[in-house]
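Protein chains in written order, with my numbering: chain A, 1 to 366; chain B, 1 to 366.
Simulated from the structure, these hints should not be mistaken for lab results.
Being a predicted model, the structure only gives us computed values, none of them experimental.
Please note: incorrect hints may appear among the correct ones.
[To be verified] Residues from chain A that keep clear of chain B, each with C-beta distances beyond 10 Å, as calculated: (1) 25; (2) 49; (3) 86; (4) 182; (5) 253; (6) 254; (7) 323.
[Stated by the list, open to error] Only some residues are given here: those of chain B computed to face chain A with a beta carbon under 10 Å: (8) 18; (9) 288; (10) 350; (11) 360.
We put the beta carbon where it would ideally sit given N, CA and C, even for glycine.
There are 2 protein chains.
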Amino acid sequence: MSRFTCVIPAGGAGSRLWPLSRANAPKFLLDLTGSGTSLLRTTWDRLTPLVPSERIMVVTGVAHRDSVMKQLGELDAENLVTESEPKDSSAAIGLAAAILELRDPDAILGSFAADHVIRGSVLFQRAVRTAVQAADQGYIATIGIHPGFPSTGFGYIACGKARSDLAPFDVYDVTEFVEKPDEATASDYLQRGGYLWNAGMFIAKASVLLDQMAESEPEMVAALREIAAAWGTDQAASVRERLWPTLPKVAIDYTVAEPAAQVGKMVCVAAHFEWDDVGDFASVANLLLRGRKGDLAVLGDGAQVLSDNSSGIVVSESDRLVALVGMDDVVVVDTADVLLVTSKQHAQDVKTLVNRMKGHGGKHLL
Amino acid sequence: MSRFTCVIPAGGAGSRLWPLSRANAPKFLLDLTGSGTSLLRTTWDRLTPLVPSERIMVVTGVAHRDSVMKQLGELDAENLVTESEPKDSSAAIGLAAAILELRDPDAILGSFAADHVIRGSVLFQRAVRTAVQAADQGYIATIGIHPGFPSTGFGYIACGKARSDLAPFDVYDVTEFVEKPDEATASDYLQRGGYLWNAGMFIAKASVLLDQMAESEPEMVAALREIAAAWGTDQAASVRERLWPTLPKVAIDYTVAEPAAQVGKMVCVAAHFEWDDVGDFASVANLLLRGRKGDLAVLGDGAQVLSDNSSGIVVSESDRLVALVGMDDVVVVDTADVLLVTSKQHAQDVKTLVNRMKGHGGKHLL
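Start from the sequences, fold in the hints, and give me the full structure.
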């Protein structure tokens, strides 16, 4: 554990959570649980029992630099890595890996999204420690979540044989990563067992991760190592400005996880903590209601809600009264300049609307 | 027509139109058609082609005196009759009748609600003129509307034999008034013909109306005549304060229209103009959409609406963007201090919510 550094990629607008999420208020800066703290801060607080604060690194856009610093007072300046433009997870995590590799050739890195929700911190810590053991053996480890229901909104990890050589229990070979399934397939997974939710957590030696990435993206990894070599010097900005824009936008699932699984280098720690990527308002509602169907969730400090035969969620940034009459599974998001009304069933379609607005003069509201 | 005076009872909060309608912004002061003028002002403008402004009288609550004056600059001060507390239509129209009867024993009065919507002013004028002819013969006339669809939201007038002795066409005896029917009955009425919507318009000699009312409510009519006798004198206020609170709250349908129909004194002018009492937001939507199903109506000056697969109505008092995703027949009413979300199907239930709020500290929002 002494060579273990946590990396928090803090990117992604969360456009399905618009108008709560905005360009200047991305999902990781929001409080989606009513806890009073942002998802980013909660992520940080989840990691500090595992590592001291000087071994937590954050990768974020230059535009969010100040917001991140404000949330994370303990973050070392040299552990704040900024992207001049968003380049997806391969570049973000790859740059962190390249910087860590230079600090310590045997550094182990764990990547944990800044905008997921986890309940059960002791179980989380145990899973991470197990994953670090596997990473120390040269494997790329992920943490898979035992499904609580047949979700069609998450990708799955198909587990192979148990790897008791790596840890006494809960570690398996990864057979393959599967995309979001339809309902029948998701139910089948749940009944058969051995399929875990892909929570997008990766734990590996920095060098192992980069070498795996270099198999499919050699130029990218070379560029990342060149940026890392200049990091902290006078040339840092100019090297990044020259190379960063040339990098491909590609998720780490495609450059690392899937290829590693194919060659038997990927293992999965099966975990039982509660996890959600809270991708849309239906997820936020389910999270707040904890399974209570037919009930109404309310998120917002001053929110006043009057409900007559209604269920779903009200997210309020004002102290206006929100009155609902006979609305099932409704989603109402009440902000200063935009009011969104949709249903849990259509919560995913908010992204479509956001995309439409980009092209039609609505950009100032995004 | 020279003895004809129009009376506009401007009362009723329109609680099914909350939060647009409020105690200090009752339905008759609202613009529900997007015309830019209040329903009250539109009602006035509909009557001035029939009578000069000095023969239009308004009966309203003392609280609305200033608002009414502001809307109706031409209203004679002596034609503004104020109620110290709401006492329903028998008292309101009865007092107007008693005042007119003293001005001219043969005065004919026509009562037209301040908060209905009518399209087709020439047809309206013709119907009123015909009704005044019948009233001159001693009848109490009402104007019935040919149903455009099997409405379950309006009362109906069952018409008997044609009265060509009173006017060449379109005048019938009233057999009975029937309450809001169920759907099967409403469809049956539409197919059989001879059933008209009761638009609550009554045209009669003031004395005939009061004498009919006195059959069932002799004390009430005596009190109204006593208040009228003092009207315009130093004692006006004190007499009203003494008697008005003692009056029963009863609709003119029960004290005049139904009893008159039973004794053959009630006739109906059948009219073809478009009429709606716009009782709830579903009606407002239907009115604005004029039958276009699956479309979205927008009411509000600065309203900006972005709709993705949605229908219904957005009423906006702000310039916020209202974004709808996948909502069918939704009702969104966006005001400064209250946001209402319901459906056209539940538009009537808004009244229930308003009643609940009265008892639970929400009175300041009503």
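So, going through the hints one by one against the coordinates:
no.: 1; hint: 25; result: holds (16 Å)
no.: 2; hint: 49; result: holds (40 Å)
no.: 3; hint: 86; result: holds (24 Å)
no.: 4; hint: 182; result: holds (20 Å)
no.: 5; hint: 253; result: holds (28 Å)
no.: 6; hint: 254; result: holds (30 Å)
no.: 7; hint: 323; result: violated (5 Å)
no.: 8; hint: 18; result: holds (8 Å)
no.: 9; hint: 288; result: violated (18 Å)
no.: 10; hint: 350; result: holds (6 Å)
no.: 11; hint: 360; result: holds (9 Å)
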